Amino acid sequence: DSGVTQTPKHLITATGQRVTLRCSPRSGDLSVYWYQQSLDQGLQFLIQYYNGEERAKGNILERFSAQQFPDLHSELNLSSLELGDSALYFCASSVQADRTEAFFGQGTRLTVV
Amino acid sequence: SQKIEQNSEALNIQEGKTATLTCNYTNYSPAYLQWYRQDPGRGPVFLLLIRENEKEKRKERLKVTFDTTLKQSLFHITASQPADSATYLCAFGGFWGYNKLIFGAGTRLAVHP
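Residue numbers (my numbering), protein chains in the order written: chain A, 236 to 348; chain B, 219 to 331.
None of these hints come from the bench; they were simulated from the model. The structure presented is a predicted model; accordingly, all values stated were derived computationally and were not measured. Watch out, some of these pointers could steer you wrong.
Stated by the list, open to error - To give an idea of the chain A side of the interface with chain B (calculated C-beta under 10 Å), a few residues: (1) F304; (2) D306; (3) C326; (4) F339.
The beta-carbon is built from N, C-alpha and C at its ideal position, and this holds for glycine as well.
With the rest of the complex left out, here is chain A:
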């Protein structure tokens, strides 16, 4: 158990809908990351937050947004969902903002039908 909690574990929704994925980092970790993993793409970095502020952005679509709250949990919002958004979404956390290992949650499997 990495100490990172993601909910829900599975999500099935229709195209055009909006969903919210939630992540609770390990106790004491200030940084949260979101990754997308689809079958043919591997792990793709989406966004990083550190102590409530956006720190780095990757290939995150404009339909996607995220935030980190004062209690350090984070949410990833996915809107206007398309079939191609079906993937595993992982959250990870680390103590500091850089040069450190990341601890991953078990992921949320999103299926868009």
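Once you have looked at the hints, place chain B on chain A.
Coordinates of chain B only, in the frame set by chain A:
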């Protein structure tokens, strides 16, 4: 753009042998490399981190090398066991102030009894 390559073919070895996985990178000089293990449907688990000024790092049966001249990292598992069967991901980072880990696609390792 930065690119990280791992052997896409699965590696099959006999129990007790040493498994060696390769990670090559281009268009960047990372400050550190990390190796993760991922089991099907689960989040990656951190194994080892090696910095650019370190040639080798060990942890129990695991060993990582980092050759900045060849732009390559090798990951070794000695005395391999069937329980070591998984996908192994390398990732590099080293961006000041943020931990935008760029992952390779992973190499699937199968250890046969």
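We went through each hint and held it up to the structure:
Taking 10 Å as the C-beta cut-off, the interface hint given for F304/A is violated, the closest approach to chain B being about 19 Å. A distance limit of 10 Å between C-beta atoms decides the matter here; for D306/A the minimum to chain B is near 21 Å, and the interface restraint is violated. With its C-beta approaching chain B no nearer than about 9 Å, C326/A sits inside the 10 Å limit, and its interface hint holds. Because the beta carbon of F339/A sits about 3 Å from the nearest beta carbon in chain B, less than 10 Å, this interface hint is met.
Hints 1 and 2, counting from the list given before, are not met by this structure.
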